[in-house]
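With the hints as your guide, set chains A and D onto chain F.
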Amino acid sequence: MEFVRNCWYVAGWDHEVRADGLLSRKLLGEPIVFYRGQRGQVVALEDRCCHRAAPLSLGRREGDCLRCMYHGLKFDAAGACVEAPGCERVPPKLAVRSYPVVEKDRFVWIWMGDPALADASAILDFPWHDSPDWRMKPGYLHYKANYLLIVDNLLDFSHLAFVHPTTLGTSSNAEARPRIERDARSLRIHWWFLNDQISPNHKRVATFDGPVDRWQLYEWNAPSFMRMDSGSAPAGSGAPEGNRVPQALQFRHTSVQTPETESTTHYWFCQAHNFRLDEEGLTERIYADVVKAFDEDREMIEAQQRTIDATPARPMLPIPADAALNQARWMIEQRLKGEREHARAA
Amino acid sequence: MEFVRNCWYVAGWDHEVRADGLLSRKLLGEPIVFYRGQRGQVVALEDRCCHRAAPLSLGRREGDCLRCMYHGLKFDAAGACVEAPGCERVPPKLAVRSYPVVEKDRFVWIWMGDPALADASAILDFPWHDSPDWRMKPGYLHYKANYLLIVDNLLDFSHLAFVHPTTLGTSSNAEARPRIERDARSLRIHWWFLNDQISPNHKRVATFDGPVDRWQLYEWNAPSFMRMDSGSAPAGSGAPEGNRVPQALQFRHTSVQTPETESTTHYWFCQAHNFRLDEEGLTERIYADVVKAFDEDREMIEAQQRTIDATPARPMLPIPADAALNQARWMIEQRLKGEREHARAA
Amino acid sequence: MEFVRNCWYVAGWDHEVRADGLLSRKLLGEPIVFYRGQRGQVVALEDRCCHRAAPLSLGRREGDCLRCMYHGLKFDAAGACVEAPGCERVPPKLAVRSYPVVEKDRFVWIWMGDPALADASAILDFPWHDSPDWRMKPGYLHYKANYLLIVDNLLDFSHLAFVHPTTLGTSSNAEARPRIERDARSLRIHWWFLNDQISPNHKRVATFDGPVDRWQLYEWNAPSFMRMDSGSAPAGSGAPEGNRVPQALQFRHTSVQTPETESTTHYWFCQAHNFRLDEEGLTERIYADVVKAFDEDREMIEAQQRTIDATPARPMLPIPADAALNQARWMIEQRLKGEREHARAA
Chain F
1 MEFVRNCWYV AGWDHEVRAD GLLSRKLLGE PIVFYRGQRG QVVALEDRCC
51 HRAAPLSLGR REGDCLRCMY HGLKFDAAGA CVEAPGCERV PPKLAVRSYP
101 VVEKDRFVWI WMGDPALADA SAILDFPWHD SPDWRMKPGY LHYKANYLLI
151 VDNLLDFSHL AFVHPTTLGT SSNAEARPRI ERDARSLRIH WWFLNDQISP
201 NHKRVATFDG PVDRWQLYEW NAPSFMRMDS GSAPAGSGAP EGNRVPQALQ
251 FRHTSVQTPE TESTTHYWFC QAHNFRLDEE GLTERIYADV VKAFDEDREM
301 IEAQQRTIDA TPARPMLPIP ADAALNQARW MIEQRLKGER EHARAA
Chain A
1 MEFVRNCWYV AGWDHEVRAD GLLSRKLLGE PIVFYRGQRG QVVALEDRCC
51 HRAAPLSLGR REGDCLRCMY HGLKFDAAGA CVEAPGCERV PPKLAVRSYP
101 VVEKDRFVWI WMGDPALADA SAILDFPWHD SPDWRMKPGY LHYKANYLLI
151 VDNLLDFSHL AFVHPTTLGT SSNAEARPRI ERDARSLRIH WWFLNDQISP
201 NHKRVATFDG PVDRWQLYEW NAPSFMRMDS GSAPAGSGAP EGNRVPQALQ
251 FRHTSVQTPE TESTTHYWFC QAHNFRLDEE GLTERIYADV VKAFDEDREM
301 IEAQQRTIDA TPARPMLPIP ADAALNQARW MIEQRLKGER EHARAA
Chain D
1 MEFVRNCWYV AGWDHEVRAD GLLSRKLLGE PIVFYRGQRG QVVALEDRCC
51 HRAAPLSLGR REGDCLRCMY HGLKFDAAGA CVEAPGCERV PPKLAVRSYP
101 VVEKDRFVWI WMGDPALADA SAILDFPWHD SPDWRMKPGY LHYKANYLLI
151 VDNLLDFSHL AFVHPTTLGT SSNAEARPRI ERDARSLRIH WWFLNDQISP
201 NHKRVATFDG PVDRWQLYEW NAPSFMRMDS GSAPAGSGAP EGNRVPQALQ
251 FRHTSVQTPE TESTTHYWFC QAHNFRLDEE GLTERIYADV VKAFDEDREM
301 IEAQQRTIDA TPARPMLPIP ADAALNQARW MIEQRLKGER EHARAA
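Residue numbers (my numbering), protein chains in the order written: chain F, 1 to 346; chain A, 1 to 346; chain D, 1 to 346.
None of the hints are false.
The list treats identical chains as one, so a pair stands whether inside a single copy or across any two.
When the alpha-carbon atoms are kept at most 25 Å apart in a straight line, the in silico DMTMM-like pairs for lysine to aspartate or glutamate are as follows:
#1 93 - 309
#2 104 - 16
#3 93 - 76
#4 144 - 30
#5 137 - 299
#6 144 - 309
#7 137 - 289
#8 203 - 175
#9 26 - 299
#10 26 - 302
#11 144 - 260
#12 74 - 309
#13 74 - 295
Please keep in mind that the hints were generated in silico from the structure rather than gathered at the bench. Only a predicted model underlies this, so the values are computations on that prediction, with no experimental measurement involved.
In isolation and in its complexed conformation, chain F is listed as follows:
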């Protein structure tokens, strides 16, 4: 399967690459080993020795280098082999692929496309991951489904009414239609529910009763990045006009995916809150609620993938609620088309 390559993907939460230890992870079908060098910087190398294909993740870190523990070839952080048994001078072609890596906002970002195009300033911001104004617990899910099915899910919240009636959704999600705006690289999707009932997950942390103004305002960036401002405030307290009163429940949500293979996906998420930062257990409860909802999604999406695999020739028929996901798939297709043209030109 063809994946968008010229973009920064998330490879993991920063703590997943430990000071000691080697993390082996497959991204876009390629086995990669991650480790930290002497100054703590993250290194990402092809997890396959160029000699006989032994995994370097069974190797040993030596300073900034990684040694294959099959026959002893040693690679530096740029992937060059700097030592090989029986070689006085190591031939330059003895090398493994090295990937540009950046740590930002508690994510490890990796560039798997044309290295000449890797521009760290293009990495999306997730400031609530390590801001003192926000608290969150980092989450991870492994999916047995193609990443596009997850993208579909995130771009159509009408499913909240059906998949998440006891967690994220209310019946309003089935009827309401969001406002959708598109530019070259992103979609902005705005759901407002005015004077509506509170959703079950907000109810469980709210300090007020009665109807709410509830919002889910998010930006989705191709191929698989979602950042959301969501929350509930007492109805009529001015949320739509930008006035967030003290009792308002405000969240910042992160949902990003990186394809592992054509049929499996890495999924990182968090639900940050800016209220009652010192309340014991609150962050954990908010996290647990999201996990419960995300397990609901995963059950459905993995079943959807199995059904697609079993009936590959049957069509998918569109409905009006597909507007955003159709635009997203079109944007991804444009990116792939652009990369094919870039590759032909090179």
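Then chains A and D, alone, in the frame of chain F:
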């Protein structure tokens, strides 16, 4: 793999489709969801929402309808979508496939071929399934083998001497040859063992000693239906002439298969008896004996399938005992040929 | 995958084919059943009845014959069907393949190529398997890897420094280079470490301290047979000149592989010793040390196979230490080429 489609297949025992609950079952490679409508009638729909391929078996029954619990599309018993979020008027092409279903003789029957040809009067009779004169316990097996290997097994009882020496067979099965008659749709196979020893399973329920006249008289209908009159009576008591004395052990046996996939099969069976209907535990003991014998078959046939998979290029060489199974395979082939011609004409 | 066929392969240790019982084993992708006839001789037949592909390993031994327990066909040790239900005269084409088998040096050897070329005098000698001067415990490993990756491993002992630092190797293995000699059918590889530290596994059974002269002198025969003279003696005691003093630790090692499938391999091994033959537990301790080291290899080689499977298009780049394994792969390729020509000529 090509399956006979223009026939009524068994989809399950009637109790497998519960008043509440959705049964997901794959037949001929197609995922199907079964449920009961408000009057108890069985409905069979494609287990795949036409929108995004979510399984409807994760959905919710609403009256006679079934709602997909991913995005909320609602389908009636004919497969038409009658409600879709954001659609004031649902386009008629939004529909899933619906299958003709009939309940008869405690079986749920399904038609997966050309609906114009579905004629419920063609469904085979199994009157002993719910007659007051007979008692039986319904059985089900799942096979990791192509259904044709099970058909082979049922059409050559010489295997009873080797696979079932402690359950169904006696050494006579190895030597005797049955009488075989064929018409356009069925084979009739008659085994008689006169003045023979009793088989182990009959021995365990008999109230008399000594030699028996034993019979296995069955009709096999393409592609995969077997109905049998079998039993033992004291030798010379007139069974071959149609006189079944009171001590005679009389059974009616059902063995039907429906392909799940090319390499797996659903198998429904029962062994009804018309004697000592009130004897506690007798029906259960007869059932347990059949299950034991059928596990013997399954062990052999699944091993046979694995060997075929491992040696696909090696031939199968015929022996005289193959007469019935060769005719059965020829009949199935004729059915497939007829269906290909019907499809071309249409 | 193409395998060398015109050679004697090991099918098992002699005790694996028990006096009673049937051993089913796949070799070169072919299912084979092994059993002992009335005089104890090993018989090897295709594990697939020629009638309907039932495995003969679910059958019953009758004298020198094997009966299929599905429909009762009976085969003699040459694979001819000598009895079939309903056949007064069994047609000669009813037969399964039979393989030449020889027992020698506690191995069961099988010939899977052109039977006209089977010459038992060509079977390699492993006299330490049943000599009173040596003791050993027979070992077996199942590998989820192609056999060539194991051949690679055995032909480059530089990996001992990295994979086996606490068992078989010392750091000298990384730097030293062996002497390699080749003739038409074999490689002879000689490693000498003079005045070197003792290896961990030798240390654990030695009765002397101090530096050693250590050797690993082996012959590898295509496609997958390794026989080795290895050991340690006090440095300067004359081992390189052929003088093996009484304290010297002398071993004979066997490592042979037979492909099970393209991606799995049978591996038989032993480590015989000729010292302290009566010391309780010594043979077991030596065996356990080898098993520990071989598990280290297996972990690496199976991971290597998975990496190759995940990245089939990536090349393997040579280093100088590959000399022997490149010659071995070339010798195997020559054998395959010769067999293709032999097959075309026939």
